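So the number in our numbering is just where the residue sits in the sequence shown, counting from 1, plus 3.
Derived by calculation from the structure, the hints in this document are not laboratory data.
The structure displayed is predicted, hence computed values, not measured ones.
Treat the hints loosely; a few may be bogus.
What the hints assert, rightly or not - Below, a list of computed lysine to aspartate or glutamate pairs in the EDC-like style, where the Cα atoms sit at most 20 Å apart:
1. 311 <-> 293
2. 584 <-> 594
3. 247 <-> 228
4. 305 <-> 321
5. 88 <-> 74
6. 162 <-> 177
7. 652 <-> 628
8. 56 <-> 66
9. 652 <-> 264
10. 241 <-> 228
11. 247 <-> 263
12. 339 <-> 293
13. 432 <-> 456
14. 162 <-> 138
15. 312 <-> 387
16. 248 <-> 177
17. 584 <-> 607
18. 112 <-> 404
19. 396 <-> 342
20. 151 <-> 137
21. 112 <-> 93
22. 610 <-> 263
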Amino acid sequence: LIFNDNLTINEGGILPYANMISHDTWFSRTLKIFCRENNIPLTKRMPEISKEKKELLLNGTGDKEYAVEGENRWGKDTVIHEPFKGVIEDLRKRYESTESVFFKAQVEKFMRNVVCNECNGARLKKEALSVTIEDKSIVTVSGMPIGKAFDFMNSLGSKVSKREGEISGIILKEIKQRLSFLIDVGLEYLTLSRGAHTLAGGEAQRIRLASQIGSGLTGVLYVLDEPSIGLHQRDNKKLIDTLKKLRDLGNTVLVVEHDEETMREADLIIDFGPGAGENGGEIVAIGTYDEISKNSNSLTGKYLSGTKKINTYKSTIDIASNNYLVIEGASEHNLKNIDVSFPLNKFVVVTGVSGSGKSTLVNDILYHGLMQKSNPFHKQRPGEHTQILGYEKIKNVFLIDQSPIGRTPRSNPATYTGAFTYIRENFAKSKDAKLKGYGPGRFSFNVKGGRCESCQGEGKIKIEMQFLPDVYVTCEVCNGRMYNNEALEVLFNGKNIYDVLSMSVAEALSFFSFSSGLSHKLQTLNDVGLSYIKLGQSAPTLSGGEAQRVKFSTELSKRGANSLYLLDEPTTGLHFADLEKLLLVLRRLVDQGNTVIVIEHNMDVIKNADYIIDLGPEGGEKGGEIVATGTPEEIVKVNKSYTGQFLKKV
4 LIFNDNLTIN EGGILPYANM ISHDTWFSRT LKIFCRENNI PLTKRMPEIS
54 KEKKELLLNG TGDKEYAVEG ENRWGKDTVI HEPFKGVIED LRKRYESTES
104 VFFKAQVEKF MRNVVCNECN GARLKKEALS VTIEDKSIVT VSGMPIGKAF
154 DFMNSLGSKV SKREGEISGI ILKEIKQRLS FLIDVGLEYL TLSRGAHTLA
204 GGEAQRIRLA SQIGSGLTGV LYVLDEPSIG LHQRDNKKLI DTLKKLRDLG
254 NTVLVVEHDE ETMREADLII DFGPGAGENG GEIVAIGTYD EISKNSNSLT
304 GKYLSGTKKI NTYKSTIDIA SNNYLVIEGA SEHNLKNIDV SFPLNKFVVV
354 TGVSGSGKST LVNDILYHGL MQKSNPFHKQ RPGEHTQILG YEKIKNVFLI
404 DQSPIGRTPR SNPATYTGAF TYIRENFAKS KDAKLKGYGP GRFSFNVKGG
454 RCESCQGEGK IKIEMQFLPD VYVTCEVCNG RMYNNEALEV LFNGKNIYDV
504 LSMSVAEALS FFSFSSGLSH KLQTLNDVGL SYIKLGQSAP TLSGGEAQRV
554 KFSTELSKRG ANSLYLLDEP TTGLHFADLE KLLLVLRRLV DQGNTVIVIE
604 HNMDVIKNAD YIIDLGPEGG EKGGEIVATG TPEEIVKVNK SYTGQFLKKV
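Full structure from sequences and hints, please.
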């Protein structure tokens, strides 16, 4: 966590201080004098430094002070006396004193949860652990996957005496009922003791859904946003049956969804469109599945009826036998010490039921393993594995996930993709800007000059609510326009800078059609199905799927070959028509000589793969094995593959 074995201290071998050591500051001087007086070499790689010396670096020398010489802020030579209490104490002090969420996150990279020596991670006293049922303590049962816990509870009924049955009957019934609700929403692989912070968004949503079924409430309106996210087709039927149970209890269930099977089972479909953004917002069709399928005005209906289909785009070049990226001995979490081969310069899809180990393999092991090899400063340790072979064939690695592209109103698609640089340069070339002597910086909302200083270019004022989430209100000085009047008076083809940031990607493509560099960046946003988003749309208002596609378009616009792109469920939030656009973009990347590895449950994506790696056979402890590998045509022939069974249908 703390030391980089590839570097010396002077080169940044102490990771928390990697960016400080090269600067002449009082802290770097103190560190160097501490090392000199304790015979800790600054020019030897970290493995060559003894364990005792590393302990000194970590824990310091208490209150002992070191005379540190240097110039003060007024340029005068001076001497201060400073202790060096060690890296651990320094990080702890900084972590506890800061109020910055960002800085805390940076320090947390050097922290690790360790098992408590007293209870060995059980979290309970010995007295509580001594109480057992069938020789199992509450910790043992809580550590079981939900499916296994249900079987255990089910078996107890026949093992208790009549008196014990009278006492435990109602309790066992309630426990089994709640566990069955979790199984019904496809979560049998989770352990009962799983930390909430480790759950994926779809998992957390389905747990809340299961709790509502158990509540027995009626007359409630339930609103769900894509509950099928992260769910394999095998488990989708269970989820739909659960939604129907809620309906049958006397409730209304409103679901935002792109999944065809969910639409097929719906009592009523409301189809919005006809396009997105400025071209949407109308009800195109309303009715049952059959009625929507027959509606010629509905693009959704055309896909449901089969009038329009998602095409298959396949590579025409065979997989070379010696052109693989290979992970050997993958054993993190539930992976069973497997060897996995990813063909390079291909479109590879990793499939499997929920909890089978897909994200662990691709994100935890492959991504962090490759990043650690290419970047000695990469701080996240990869998941457990023996080695990765063939990594030298990869030029760049990009993990494109659904985390936000920024956390403030100043972060937006234009700034993230680099399109804003071109926009500011065009405004600086305008007649108005030249007359006033304005450069591109005048049109930035991140620096003083053209931005509104009241809100510092955010267009909103943050009101801190103490124990509640912060609230943003529109700035009264600029009325949410982010700039001062001087900047807004400058027009480019009749539009000011705020007008341009208020344009959708599609509108901006037309407006800036003359600029090849800017058009290229805007076109890639359009290609990944984001024609409707505003250039200046604040990052916190983008969904996870939208943020992922903004990142994807940014990497796509860079052009290049021999890069590896890793995507986790990129179809989240995508309509059938947008899905086809995404597939074309992915295929274009592969045709340019890149490798694309996607974790996905969508069968239309899976059928387009050059190569499939199917994990399973189940989730949790019953998963983590390779069920099948090969082309889609080969996978459908593997009877034990759930993915293959559903792939036959498409």
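Status of the hints after comparison with the structure:
1. 311 <-> 293: Judged against 20 Å, a Cα distance of about 16 Å means the pair holds.
2. 584 <-> 594: holds (15 Å)
3. 247 <-> 228: holds (16 Å)
4. 305 <-> 321: Violated, at about 34 Å.
5. 88 <-> 74: Since the Cα atoms of residue 88 and residue 74 sit roughly 23 Å apart, the hinted pair is violated (cutoff 20 Å).
6. 162 <-> 177: holds (18 Å)
7. 652 <-> 628: Distance ~24 Å between residue 652 and residue 628 Cα, so the pair is violated.
8. 56 <-> 66: Holds, at about 18 Å.
9. 652 <-> 264: holds (12 Å)
10. 241 <-> 228: holds (17 Å)
11. 247 <-> 263: Holds, at roughly 16 Å.
12. 339 <-> 293: violated (45 Å)
13. 432 <-> 456: violated (24 Å)
14. 162 <-> 138: Judged against 20 Å, a Cα distance of about 13 Å means the pair holds.
15. 312 <-> 387: violated (41 Å)
16. 248 <-> 177: Given that 20 Å is the threshold and the Cα spacing comes to 18 Å, the pair holds.
17. 584 <-> 607: Between residue 584 and residue 607 the Cα gap is close to 12 Å, so the pair holds against 20 Å.
18. 112 <-> 404: With Cα atoms ~19 Å apart, residue 112 and residue 404 stay inside 20 Å; holds.
19. 396 <-> 342: holds (19 Å)
20. 151 <-> 137: holds (15 Å)
21. 112 <-> 93: Given that 20 Å is the threshold and the Cα spacing comes to 14 Å, the pair holds.
22. 610 <-> 263: holds (16 Å)
The structure is inconsistent with the numbered hints 4, 5, 7, 12, 13, 15, although it conforms to all the rest.
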